[in-house]
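Participant: Given the structure of chain A, go ahead and fit chain B onto it with the hints provided.
If you read the sequences in order, they're chains A and B. Position 84, counted from 1, in the first sequence is what the numbering used here calls 84; the numbers after and before it change by one each time, with no gaps. Each position in the second sequence, counted from 1, maps to that position plus 1000 in the numbering used here.
By construction, these hints were calculated from the structure, which means they are not laboratory data. One or more of the hints may lead you astray.
[As the list claims (entries may be wrong)] In silico SDA-like cross-links for lysine to any residue, where the CA-CA straight-line distance does not exceed 25 Å: (1) B:K1111 - A:N6; (2) B:K1111 - A:Y88; (3) B:K1111 - A:Y87; (4) B:K1111 - A:R52; (5) B:K1111 - A:Y53.
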Amino acid sequence: MFPTSNLLYLGAVLFSIGITIVVVKRNMIIVLLGIELMLNASVLNLVAFNQRYGENIDGHMFGIFVIVIAVCEAAVGLAIIIQVYRYYQTSVPEDINELSESR
Amino acid sequence: MTATIVLYFFILVAGITAVAMLFVRNVFHGALLLITILLAIAGIYVLALAEMIAVTQILVYAGGILVVIIFGIMLTTPIAGEPLRVGNGYVIPGALLGISIFVLMVYLISKESFSRSADIQPQGLRQFGIALMTDYALPFEIAGIILLISLVGAAVVASNAQSKKF
Chain A
1 MFPTSNLLYL
11 GAVLFSIGIT
21 IVVVKRNMII
31 VLLGIELMLN
41 ASVLNLVAFN
51 QRYGENIDGH
61 MFGIFVIVIA
71 VCEAAVGLAI
81 IIQVYRYYQT
91 SVPEDINELS
101 ESR
Chain B
1001 MTATIVLYFF
1011 ILVAGITAVA
1021 MLFVRNVFHG
1031 ALLLITILLA
1041 IAGIYVLALA
1051 EMIAVTQILV
1061 YAGGILVVII
1071 FGIMLTTPIA
1081 GEPLRVGNGY
1091 VIPGALLGIS
1101 IFVLMVYLIS
1111 KESFSRSADI
1121 QPQGLRQFGI
1131 ALMTDYALPF
1141 EIAGIILLIS
1151 LVGAAVVASN
1161 AQSKKF
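One chain only, chain A, in its complex shape (with noise of 0.2 Å):
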């Protein structure tokens, strides 16, 4: 019988990487990524602390919701990168850049 913190610490580690490579990186479909990867941290999570009840299924079933979340997001996000790329001819953030003052 594992205990349970050891989920707990592996969804803190995806977690916070998954936010720093939202921060870092300078492309937008890694940034993508790194938001799957937060999102798959908390169900990650979900599932862990379900363990502590013994017949209970609502964490799997939250699991499963943030799932469906999850499939939403990356399609509406991919659809909009595709769209900003055949505007821009970039897929970096930086470089779009024409509302700025700065240019």
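Facilitator: Just chain B now, with coordinates in the frame of chain A:
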């Protein structure tokens, strides 16, 4: 005992691959590393007696989202020439943010002792389906509507046709 060894193996694979994802410079390599993490987490779900989530993880994430993301990589990368190098920006603020969140979560987890229930048992598909149709009927329907709306919206946003209306 064997299950514990396999669990630690999956945890190590997921952790090391996630750390490697921080230093990746090629978008496609990042997607491949994410597939590895997702499959390792699916293995952890099987060991944590959450088979339904494990199957959903493999089907939806490794089979669906990653295919869409690789498709996006192919559409947003210059075909000719060398592959795109991903740059880093705001390295110190990003590292500070990640490290501080990590330290905070590790501190909070290590203060409590979480133990799993003794009489935990695998949740079959039958219980899952019954729960979806009774206790979770409203979230199930709302999730379906959100999925429909977002997929139609994604198709409209990504479509090539130039509409005259807007």
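Participant: Hint by hint, note whether the structure agrees.
Facilitator: Hint check results:
With a C-alpha separation of about 14 Å, the suggested pair B:K1111 and A:N6 falls inside the 25 Å cut-off, and the hint holds. Of the pairs offered as hints, the one joining B:K1111 and A:Y88 is violated, with about 49 Å between alpha carbons and a cut-off of 25 Å exceeded. Using a Cα cut-off of 25 Å, the hinted pair B:K1111 and A:Y87 is violated, with the two alpha carbons roughly 51 Å apart. For a cut-off of 25 Å, the pair hint linking B:K1111 to A:R52 stands: about 17 Å separates their Cα positions.
A threshold of 25 Å between alpha carbons decides the hint, and for B:K1111 with A:Y53 the separation of about 20 Å falls inside it, so the pair holds.
Violation of the numbered hints given earlier is confined to hints 2 and 3; the remaining hints are satisfied by the structure.
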